[in-house]
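Visitor: Chains as they are written, first to last, in our numbering: chain Y, 1 to 676; chain P, 1 to 298; chain R, 1 to 190.
Any given hint could turn out to be false.
Claimed, not checked - Far from chain Y, by Cβ distances over 10 angstroms, these chain P residues were calculated: (1) Ala64; (2) Gln72; (3) Gln94; (4) Asp102; (5) Asn165; (6) Arg286.
What the hints assert, rightly or not - Here are some chain Y residues the structure puts well away from chain P; computed CB gaps all over 10 angstroms: (7) Lys34; (8) Asp56; (9) Glu132; (10) Ala164; (11) Gly247; (12) Ala337; (13) Asp378; (14) Arg467; (15) Gly589; (16) Pro601; (17) Gln651; (18) Ala653.
To be verified - Where chain R lies over chain P, by a calculated footprint (3+ residues, C-beta under 8 angstroms): (19) 13-23; (20) 139-146; (21) 199-206; (22) 213-220.
For the record, the hints were derived by calculation from the structure and aren't laboratory data. Backbone N, C-alpha and C fix where the C-beta goes; we use that ideal spot for every residue, glycine too.
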Amino acid sequence: MAEKVGVYVCHCGSNIAGKVDVEDVAKWAGEKVKDVAVSRDYKFMCSSLGQKLVEDDIREQGLTRVVVAACSPHLHEKTFRRACSNAGLNPYLMEMTNIREHCSWVHKDRAAATEKARSLVSASIERVKFQEPLEPMFVDVNRATLVIGGGIAGLQATLELADAGYPVYLVERQPSIGGHMAQFDKTFPTLDCSACILTPKMSEVGQHENVTLLTYAELEEVSGSVGNFKVRIRQKARHVVFDDCTGCGICVEKCPRKVLDTEFEAGMGNRKAIYMPFPQAVPRVPVIDTESCIWFERQKCRACEKLCPTNAIDFDQEDEMIEIEVGNIIMATGWDAFDTRKIPQYGYGRLANVYTSLEFERLCNAAGPTNGKIVLRDGKTEPKSVAIVHCVGSRDERHNPYCSGICCMASLKLGHLVLEKTDAEVYSFYIDMRTNQKNYEEFYQRLLGEGMRFVRGKVAEVTDAARKPSEQGKLIVQCEDTLVGRQQRFPVDMVILMGAIEPQVDAREMGLKCGISCSMEGWYTERHPKLDPVATMTDGIFVAGACQGPKDIPASVAQGAAAAARVAGMITKGKVMIEPIVASIDEEGCSGCRICNNLCPYNAIEYDAEAKVSRVITALCKGCGTCVSACPAGAIRGAHFSDRQIFAEIQGALWDAWQPRGGASEEAEAVPVSAP
Amino acid sequence: MKYAYYPGCSLEAGSAAYDKSVRAVLEQLGVELDELDDWNCCGATEYFSQNELVATSVIARNLALVDGEHDQLVAPCAACFLNLKKTDKLLSEQPVMKGKVDEALAAGGLSYRPGRVRVRHLLDMLYTDIGQEAIRAKVVQPLNGLRVAPYYGCQIVRPLNGFDNPEYPMKMDEMFEWLGAEVVDYPVKAHCCGGHMTQISEPEAFELIRRLLQSADEYQADVILCMCPMCQLNLDAYQGRVNGHFGTSFKLPIVFFTQLLGVALGIEMKKLGFGKELVSAEPVIRSKLDGSSVGAAT
Amino acid sequence: MVADTPSDNRSKFLRDVIADTPEGERIVHCLQCGSCGGSCPNGAEMNYTPRAVIAMIAADRREEVLTSNTMWQCVSCYFCTSRCPQDIPITEIMYALKRMSIREGKARKTDAPALAKTFTDLVEKYGRSFEFGIASRYLLFNRPMSMLKSSGMGMSMFAKGRLALTPTRIRQVKQLRAIINKARELSQHD
Ligand SMILES: Cc1cc2nc3c(=O)[nH]c(=O)nc-3n(C[C@H](O)[C@H](O)[C@H](O)COP(=O)(O)OP(=O)(O)OC[C@H]3O[C@@H](n4cnc5c(N)ncnc54)[C@H](O)[C@@H]3O)c2cc1C
Ligand code: SF4
Ligand code: SF4
Ligand code: SF4
Ligand code: SF4
Numbered sequence: 001m002a003e004k005v006g007v008y009v010c011h012c013g014s015n016i017a018g019k020v021d022v023e024d025v026a027k028w029a030g031e032k033v034k035d036v037a038v039s040r041d042y043k044f045m046c047s048s049l050g051q052k053l054v055e056d057d058i059r060e061q062g063l064t065r066v067v068v069a070a071c072s073p074h075l076h077e078k079t080f081r082r083a084c085s086n087a088g089l090n091p092y093l094m095e096m097t098n099i100r101e102h103c104s105w106v107h108k109d110r111a112a113a114t115e116k117a118r119s120l121v122s123a124s125i126e127r128v129k130f131q132e133p134l135e136p137m138f139v140d141v142n143r144a145t146l147v148i149g150g151g152i153a154g155l156q157a158t159l160e161l162a163d164a165g166y167p168v169y170l171v172e173r174q175p176s177i178g179g180h181m182a183q184f185d186k187t188f189p190t191l192d193c194s195a196c197i198l199t200p201k202m203s204e205v206g207q208h209e210n211v212t213l214l215t216y217a218e219l220e221e222v223s224g225s226v227g228n229f230k231v232r233i234r235q236k237a238r239h240v241v242f243d244d245c246t247g248c249g250i251c252v253e254k255c256p257r258k259v260l261d262t263e264f265e266a267g268m269g270n271r272k273a274i275y276m277p278f279p280q281a282v283p284r285v286p287v288i289d290t291e292s293c294i295w296f297e298r299q300k301c302r303a304c305e306k307l308c309p310t311n312a313i314d315f316d317q318e319d320e321m322i323e324i325e326v327g328n329i330i331m332a333t334g335w336d337a338f339d340t341r342k343i344p345q346y347g348y349g350r351l352a353n354v355y356t357s358l359e360f361e362r363l364c365n366a367a368g369p370t371n372g373k374i375v376l377r378d379g380k381t382e383p384k385s386v387a388i389v390h391c392v393g394s395r396d397e398r399h400n401p402y403c404s405g406i407c408c409m410a411s412l413k414l415g416h417l418v419l420e421k422t423d424a425e426v427y428s429f430y431i432d433m434r435t436n437q438k439n440y441e442e443f444y445q446r447l448l449g450e451g452m453r454f455v456r457g458k459v460a461e462v463t464d465a466a467r468k469p470s471e472q473g474k475l476i477v478q479c480e481d482t483l484v485g486r487q488q489r490f491p492v493d494m495v496i497l498m499g500a501i502e503p504q505v506d507a508r509e510m511g512l513k514c515g516i517s518c519s520m521e522g523w524y525t526e527r528h529p530k531l532d533p534v535a536t537m538t539d540g541i542f543v544a545g546a547c548q549g550p551k552d553i554p555a556s557v558a559q560g561a562a563a564a565a566r567v568a569g570m571i572t573k574g575k576v577m578i579e580p581i582v583a584s585i586d587e588e589g590c591s592g593c594r595i596c597n598n599l600c601p602y603n604a605i606e607y608d609a610e611a612k613v614s615r616v617i618t619a620l621c622k623g624c625g626t627c628v629s630a631c632p633a634g635a636i637r638g639a640h641f642s643d644r645q646i647f648a649e650i651q652g653a654l655w656d657a658w659q660p661r662g663g664a665s666e667e668a669e670a671v672p673v674s675a676p
Numbered sequence: 001m002k003y004a005y006y007p008g009c010s011l012e013a014g015s016a017a018y019d020k021s022v023r024a025v026l027e028q029l030g031v032e033l034d035e036l037d038d039w040n041c042c043g044a045t046e047y048f049s050q051n052e053l054v055a056t057s058v059i060a061r062n063l064a065l066v067d068g069e070h071d072q073l074v075a076p077c078a079a080c081f082l083n084l085k086k087t088d089k090l091l092s093e094q095p096v097m098k099g100k101v102d103e104a105l106a107a108g109g110l111s112y113r114p115g116r117v118r119v120r121h122l123l124d125m126l127y128t129d130i131g132q133e134a135i136r137a138k139v140v141q142p143l144n145g146l147r148v149a150p151y152y153g154c155q156i157v158r159p160l161n162g163f164d165n166p167e168y169p170m171k172m173d174e175m176f177e178w179l180g181a182e183v184v185d186y187p188v189k190a191h192c193c194g195g196h197m198t199q200i201s202e203p204e205a206f207e208l209i210r211r212l213l214q215s216a217d218e219y220q221a222d223v224i225l226c227m228c229p230m231c232q233l234n235l236d237a238y239q240g241r242v243n244g245h246f247g248t249s250f251k252l253p254i255v256f257f258t259q260l261l262g263v264a265l266g267i268e269m270k271k272l273g274f275g276k277e278l279v280s281a282e283p284v285i286r287s288k289l290d291g292s293s294v295g296a297a298t
Numbered sequence: 001m002v003a004d005t006p007s008d009n010r011s012k013f014l015r016d017v018i019a020d021t022p023e024g025e026r027i028v029h030c031l032q033c034g035s036c037g038g039s040c041p042n043g044a045e046m047n048y049t050p051r052a053v054i055a056m057i058a059a060d061r062r063e064e065v066l067t068s069n070t071m072w073q074c075v076s077c078y079f080c081t082s083r084c085p086q087d088i089p090i091t092e093i094m095y096a097l098k099r100m101s102i103r104e105g106k107a108r109k110t111d112a113p114a115l116a117k118t119f120t121d122l123v124e125k126y127g128r129s130f131e132f133g134i135a136s137r138y139l140l141f142n143r144p145m146s147m148l149k150s151s152g153m154g155m156s157m158f159a160k161g162r163l164a165l166t167p168t169r170i171r172q173v174k175q176l177r178a179i180i181n182k183a184r185e186l187s188q189h190d
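Let's have the full structure, built from the sequences with the hints guiding it.
Guide: Written out as structure tokens, the structure is:
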């Protein structure tokens, strides 16, 4: 029996209609393509009126198939599936054609774009006729959540969920949670003491009955899917028995090996071989850094072991694998600092008194290596002049094309701290001053009032090559004052480079483990940049904070909370729908060769040794199709992606090749649509 | 190893010491250098200032002259190196220009396929192709005790060189460390010598030259090493006038890096063109080095 | 959405500069950051910094730019180009402006254009050049006083055998001239 197909072509305002003659496409489909019972164009198909159009036609005209030619299925497949369901049609008998991203947005020529839209619509029509009704599957959502990264974004997400009564695993790779915020002295624009607002959250997380804190731990592997992820975590050996340690700190005090702390102190201070990154660390359990420990170097010392009152030191401890099951995952892995050595003309690493912004954060931190005294690298001289250089590695095609967003404000903050704590003159060298959040412009005004000097010009170089006596012994910042249009040299004592915020080096790799993707730069890609900023294209995986793109603390906190709300919603609902798009093995056809078993990337195929056949575990199958194409016996079938459907789709796309004068007719029957 | 060699006009007279030392050093290192037959001037910056198509055609003639036995062309002069390299790049990337240059070359019975010849700067060739091991093996007179200030200038490191950092090049530094010299890491080693400004507006050019001399002097360099004839000329020949202009008293010998490399390889100083510089280099070199083995290999 | 071809409400001057500069299209991405102007060794001597020139090109200030000294003060050190965060070929733009100012008769009667001409005349005659020859010949005709001033140095250079009186002549000067003439002819077509 012939199907009755309804075709709906969306204008999307002018988004599609601006480049594709939608009326023509709809008319053509209605008149020329076989089996099309209704064909309409409509301003906004996704509106309730547009959906109603579909529903009414299904009811009144008895449509058996529906094609909606509009935007990406990522956006509205759910919408139209629901509309079909409402009208009693199985939702898998609807096919979406993307004539926006795949057509109107990427083409310039209207006639050619219209031609292509016809092809795409035709492909969908031919395909949808072979689609089969499928029943969605529902699985229970595990109530536990994994949060990766214990910076402010991850902490916020953790607390929101834990406070709502749900169990949370928080995995942090450093020995303590806290993230970058723990390194700062003050926070813009309010100048709250960073530690004062952060540490209460840290200890709350540390003590929360619903939180399992795994610090000094790494994500190894994620399997399963939304609602039921299985996660393997590597607990790195601390060499301190977690449950025995009371956090007294005697070991740290007595350890004779001091090394430069390049992580928390950004190279500005030292730590011991056994250490907690900072006094308010959570948890208060030290770790032994085996790279610097004397025992691991030459089997001597063990001072910590001798002095530990609870015998908590364990030199033989090994990494441990922990397996957990969670329903959802929130990525909150934050940012990493640009390597300012990549811009040699700024002299970092060569000129002693050139600092990175993180180094300076530690320098002016009351709990930092100088107790907050701002001094040059000699450890005693207070600078008389300080230059703050903006956009170091940001807005730069050779490094990062994007604006890091926070460094203008951080510059103002650091400028304020210098003015407050010293008598130095402070210069900011900026291209554009970006202060577009609540109370930010006011903070800029405040600094203008405080006497910070602003020079509009990107710094060309920082040098110690003096040209006149007044420059001797100084760092000279050379730039064009673009507002005056003159090249100028500013001799100063200290230079602070506001390096870009970059994605973590392993962001891409981590994303791969969880099945989410990154932008070109390495920021995690959200499901929709405006309307779905914390979800990802993979159900059950959310993102929060600076790992999704540069952002300040308020925005990171907001995202942490938003991600938690999304997860809480899933848990409350209790069940998630799983697409029934899975593979199935025809046991008659299976020869038991087991080729598919190892190929499946999700380990979703098991072998029944007795029956000598392979079987798909439906709950684990993601419908990727690997096994389908690999089976030498052709015994595996991918639901919703059968060979017949795909060949029909190809044939539909090429309608004008086998139907030169346009329009499907009886001849169409002559072309066999069959699986080879 | 075998290279086509494009000495460039400066090396014919004004900077003959460069040419002499290049040939002597490469012979000592066993590298075959075949001078490009009947090469013409690269036009320095002057053709590009007037007519881009003429500029590229004039340069393309040289590329077209490289015979089938050579696929690499070595240039010691900064301007020549950049012009040759830039022209090859333009011809590969700008089809319209390539069409016209083809026509111009055809008028002279020549043709050139972009990318056929790889243009190399001498330093790159010595550093990369010959390399540390081979060079060290031939050192008979280590440069211990001599403080050298490598000066890179502009056009070899910017913008197309591809073998060293355009802001803070290190390859010559490293090479002279291989030779045992004390290498001065001074901040202006890739700054500008003024180029042809000496012939247009002296006060400005003198200021640029002064900055270089002053920095090398502050870092107590014994000699400045150049790898471009224009740089050597500006720093050496104008040094007296710069002193006169600013009331300074710089007395810094300026030599080509190949001259001092030759000394380390034990080649006689005369064969390396020493003595042609206006601020004489020989006394400081002889006094700092154990003079006995200078020129021992010859 | 994909950007359409830029509507050409760009200034005429900007379009001309883009057309005359390899990879000149990048110029529209200028941030006006001033890295170029801050880096230029001769920036202090220029009527307008390279950055300002870029702004003036976009603003169609043709006359002011082409009669300025900026491009003639450029020594092609490529600092601006290698530091520009937007990959704008500033040095090549300077060359393009030199060419345009000569072509349009705007070049100031300063030394740089004259020097360029002296140099290339020599190349066309001999096939080769020689830097001191140009200097002396050029100075002799243009600034005899300055010639006297630097003659002391000229003499010492001569004594050291570093001052040739004529460049070497290449064998195939005719071939070179044929190439040059053809190129010159072709460049007049557009
Ligand atoms: C110099 C400077 C000053 C600043 N000052 C301010 C300010 O005053 N006010 C303000 O609002 N913002 C400020 N910011 C911005 C602020 O740092 C960020 O907004 C904030 O750090 C983002 O928090 P986050 O939790 O997303 O990331 P992060 O703070 O980077 O935390 C990420 C956490 O995840 C962990 N992690 C990373 N990868 C993994 C992994 N694979 N497995 C496990 N754990 C992992 C990290 O160890 C870290 O603990 C400043 C930024 C800079 C550069
Ligand atoms: S054994 Fe290692 S960690 Fe312990 S005190 Fe000694 S050096 Fe420190
Ligand atoms: S926030 Fe300011 S300093 Fe940072 S990249 Fe953007 S413009 Fe530059
Ligand atoms: S450096 Fe580049 S972006 Fe900055 S002003 Fe100059 S041309 Fe524009
Ligand atoms: S190339 Fe020219 S404009 Fe650019 S920095 Fe050098 S001298 Fe200045």
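Visitor: Decide, hint by hint, whether the structure agrees.
Guide: Taking the hints in turn, this is what the structure says about them:
1. Ala64: holds, 34 angstroms
2. Gln72: It holds; Gln72 of chain P is separated from chain Y by about 28 angstroms at its closest Cβ, greater than 10 angstroms.
3. Gln94: holds, 21 angstroms
4. Asp102: holds, 32 angstroms
5. Asn165: violated, 6 angstroms
6. Arg286: The assertion about Arg286 of chain P holds, with a minimum of 30 angstroms to chain Y.
7. Lys34: Given that every Cβ of chain P is farther than 10 angstroms from that of Lys34 of chain Y, nearest at about 48 angstroms, it holds.
8. Asp56: Nearest chain P Cβ is 58 angstroms from Asp56 of chain Y, so the label holds.
9. Glu132: Glu132 of chain Y is indeed farther than 10 angstroms from all Cβ atoms of chain P, at 53 angstroms.
10. Ala164: The claim stands: Ala164 of chain Y keeps its Cβ more than 10 angstroms from every Cβ of chain P (closest is about 53 angstroms).
11. Gly247: Given a closest Cβ separation of 46 angstroms, the condition holds.
12. Ala337: holds, 20 angstroms
13. Asp378: With a cut-off of 10 angstroms, Asp378 of chain Y remains clear of chain P, as the shortest Cβ separation is near 20 angstroms.
14. Arg467: violated, 6 angstroms
15. Gly589: Consistent with the label, Gly589 of chain Y stays out of reach of chain P, its closest Cβ about 55 angstroms off (over 10 angstroms).
16. Pro601: The claim holds: Pro601 of chain Y sits with its nearest Cβ about 40 angstroms from chain P, beyond 10 angstroms.
17. Gln651: holds, 40 angstroms
18. Ala653: Correct as stated: the minimum Cβ-Cβ distance to chain P is 34 angstroms, above 10 angstroms.
19. 13-23: holds (count 4)
20. 139-146: violated (count 0)
21. 199-206: Holds, because 5 residues of the segment 199-206 of chain P bring their Cβ atoms closer than 8 angstroms to Cβ atoms of chain R.
22. 213-220: Violated: only 0 residues of the segment 213-220 of chain P have a Cβ under 8 angstroms from chain R.
Hints 5, 14, 20, 22 from the list above are not met by this structure, while the remaining hints are.
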